[in-house]
Amino acid sequence: MESRGIRLLVVLLLLVAGATAVLVREGRAQDQRQAHAEDFHRLTGGVGFGPALDLSGCAFGFDPRLDGTCAEDFGPVPGGACFCPRHAGSVFFYPPLPGEEGAHASPP
Amino acid sequence: MRRLLEIALTGLVAIQLHPLRSLVSFVAVLVVLVPFLVGVALAQGLEADAETSARLGADLYVKGSQFGRPGPLPLKAVDAVRDIRGVTAVVPRIVGAVVLGKEAVHAVLVGLPREHFPEWANGVEGELPFRGQRPGPHELVLGTTLARRLGLKVGDMIPPFYHNNRRGDRISRVVGIFAADAPSWQSNLILTTFETAAAIFDQEKLATDLLVWCRQGYEDTVSRTIARELSFPSPVGEGIVRLRVTAREDLLALLPRSLLHREGIFTLHFVLAFVVGILVLLVTSGVGLAERRREVGILKATGWQTDEVLLRHLAESFALSLSAACAALLLAWAWLRLFGGYGIASFFLAGAETSPDFAVPFRLTPIPALLAFVLAFVIVLTGTLYSAWRAAAVPPREAMR
Amino acid sequence: MFLETQSLCKFYRAGTRDEVRALDDISVGVERGEVLVVVGPSGSGKTTLLALLGALERPTRGHIFFEGRDLGECSDVALARVRRRMGFIFQDFSLIPDLSAGENITYPLIPRGVPRAERWRRAEELLSRFGLGGKLTARARELSGGEQQRVAVARALAGEPEVVLADEPTSNLDPVTGQGLLDLLRELNAGGTTLILSSHDPAVISLAGRVCELEGGKLRARPNQ
Chain A
1 MESRGIRLLV
11 VLLLLVAGAT
21 AVLVREGRAQ
31 DQRQAHAEDF
41 HRLTGGVGFG
51 PALDLSGCAF
61 GFDPRLDGTC
71 AEDFGPVPGG
81 ACFCPRHAGS
91 VFFYPPLPGE
101 EGAHASPP
Chain B
1 MRRLLEIALT
11 GLVAIQLHPL
21 RSLVSFVAVL
31 VVLVPFLVGV
41 ALAQGLEADA
51 ETSARLGADL
61 YVKGSQFGRP
71 GPLPLKAVDA
81 VRDIRGVTAV
91 VPRIVGAVVL
101 GKEAVHAVLV
111 GLPREHFPEW
121 ANGVEGELPF
131 RGQRPGPHEL
141 VLGTTLARRL
151 GLKVGDMIPP
161 FYHNNRRGDR
171 ISRVVGIFAA
181 DAPSWQSNLI
191 LTTFETAAAI
201 FDQEKLATDL
211 LVWCRQGYED
221 TVSRTIAREL
231 SFPSPVGEGI
241 VRLRVTARED
251 LLALLPRSLL
261 HREGIFTLHF
271 VLAFVVGILV
281 LLVTSGVGLA
291 ERRREVGILK
301 ATGWQTDEVL
311 LRHLAESFAL
321 SLSAACAALL
331 LAWAWLRLFG
341 GYGIASFFLA
351 GAETSPDFAV
361 PFRLTPIPAL
371 LAFVLAFVIV
381 LTGTLYSAWR
391 AAAVPPREAM
401 R
Chain C
1 MFLETQSLCK
11 FYRAGTRDEV
21 RALDDISVGV
31 ERGEVLVVVG
41 PSGSGKTTLL
51 ALLGALERPT
61 RGHIFFEGRD
71 LGECSDVALA
81 RVRRRMGFIF
91 QDFSLIPDLS
101 AGENITYPLI
111 PRGVPRAERW
121 RRAEELLSRF
131 GLGGKLTARA
141 RELSGGEQQR
151 VAVARALAGE
161 PEVVLADEPT
171 SNLDPVTGQG
181 LLDLLRELNA
191 GGTTLILSSH
201 DPAVISLAGR
211 VCELEGGKLR
221 ARPNQ
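First to last, the sequence lines map onto chains A, B and C.
Take our numbering: the final residue in the first sequence is number 108, and no numbers are missing along the way.
Take our numbering: the final residue in the second sequence is number 401, and no numbers are missing along the way.
Take our numbering: the final residue in the third sequence is number 225, and no numbers are missing along the way.
No lab work stands behind these hints, which were simulated from the structure alone.
Note that the Cβ used here is the ideal one computed from N, Cα and C, for glycine as well.
Mixed in with the good hints, there may be bad ones.
As the list claims (entries may be wrong) - With a Cα cut of at most 20 Å, we get these calculated SDA-like pairs of lysine to any residue:
#1 C:K135 to A:R4
#2 C:K135 to A:S3
#3 B:K153 to B:P137
#4 B:K102 to A:S56
#5 C:K135 to B:K205
#6 B:K205 to B:K102
Claimed, not checked - Non-contacting residues of chain B with respect to chain A, defined by C-beta distances greater than 12 Å in every case (computed):
#7 P92
#8 A179
#9 E238
#10 P356
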């Protein structure tokens, strides 16, 4: 019967509704998470920025405020750079803080 | 219009006419899209958390520098920085690494002055370290992963876990545990007082960094003054410690650059996945191709025009890709929300376990979802429309043969 | 002439050593309301001639005129419109196997803009007429050869065509159903529908106003029956 198409259309609409509900729900869930995030950063003075959960491998990957550069980052090498596996294995990569690439002279 | 809708409806029926082919296409799209959505959601969640961290933190972070590497600061720097015009508050902080238990669990220990703590916080189950002075064990707030791995709960006592030559009580007590949906950096964190942190690391009168808040508009001046004018004798008695300053804006400036990098990596990943997806679909579009070709021939022989046949296949591809994109979004959500990013969070968060016991940061937003649908549509369309057009472009009897 | 061919040729693998001359220089015409039966042994080109007359295939050479319009010069859209005025009954039924009998009949009516209720009314009526009243929702692949043949006939007639082209229409039908189909064709013809049939069946040939005999792809006129 052609109603098979209508049945599938209903399933499709349910899927779209489900996906929309998830997007709306997640938009709202961010508010609760934001409240806890505010508490956490107020308590700690702002800790954590990068894709690492401890300081064992790469303090820079945990928070560049603690160490503005990563000693394990090398580059360029042909085709790119050799990234520190503790923070650049992630898709969330960020470059060293400006002026933190190494020792620098005292400002005049 | 009604005629076109009815033709489009036959496209939905066509999905059921070739269940194996539809299933293979659906699964191929899911295989490409679910990791894509999960990856984008995790990266966006982490980025949002990083932005929150930068915005809610201090205006400036001051740390010591020797030999081009970060080092501790003497506590007298607190007064020197406080005296700079435009500074409203300075809080010394200790952030260091400790290793705990037989399993050698890596933890980040953060110590702040008692008076910095409020009396109560939403994001902590239990209490915070006591604001005033009271005798007794050290008071610690633990991250969720740490508490679980060490088998600790609120009220538990921790036997001495550090060595120093000072006298005093070395027993610690867990007064609180961070909420699981606090930012993921809490997972291996120990929050305590400055004094306790100093005792644990056995470093008197030193801080790893100073948190500096300024009057609005004074950040640059204060930052320059600290970097140019302040230096202190090294705590070891030889040489000097210079100061380095990281401003909130420096951190926030990293985010768009990370975004660009992420886009690059995703482009690379998904160009590859995309090519594989299309190849898979081109192969699978061979499944039942003769049957579909004959079907197109029959439709044309009974009066369908080429554009009507193509509309039917377009509707089929649209429905298949829309359902696959929605299913991928629901699966990605389930993976991240219900299963806590099982197996994938550790790819994005160094130090996370396969099954993290904290809420992994993620954001499912409409734009990646829309992008997922477009990707799915292109993949499915490539697999269906070309073969349909080829069948529809020849005389019906040839397609039916 | 309503439907006419001029020097019609259809060669397969043309220009190669394996060239097959399915039809060679066929000129034949049908007037509106006429019944033309094409006879001939297997492989003589009957099916190819019907396919060309039904605008299902393009000739290698020659012309087909439908109401004076050369089908060789028609666009895809125009050819589809011509096909909508015809009903084709294929020898191998050519049903879409996973669609129901009803869907097979109603699908050709969708692009014609026939409303849904009317499509299904026609499908039910035709299937009932052919003794398949209970098979409306049965999948085509689940039907017997004879049942599929009747669904194919119903599909061809559902569009109320001006000309019916039927390739061996009774070959898979039992004598009673075959007779029923012939009665229906006779009834249609009485209403002005043009019939072009190919068959070996004397009962079908008995319908003919004119019989053409094909042999080796060439046409041989026969005296009227």
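Hints breached by this structure: 5, 6, 7, 8, 10
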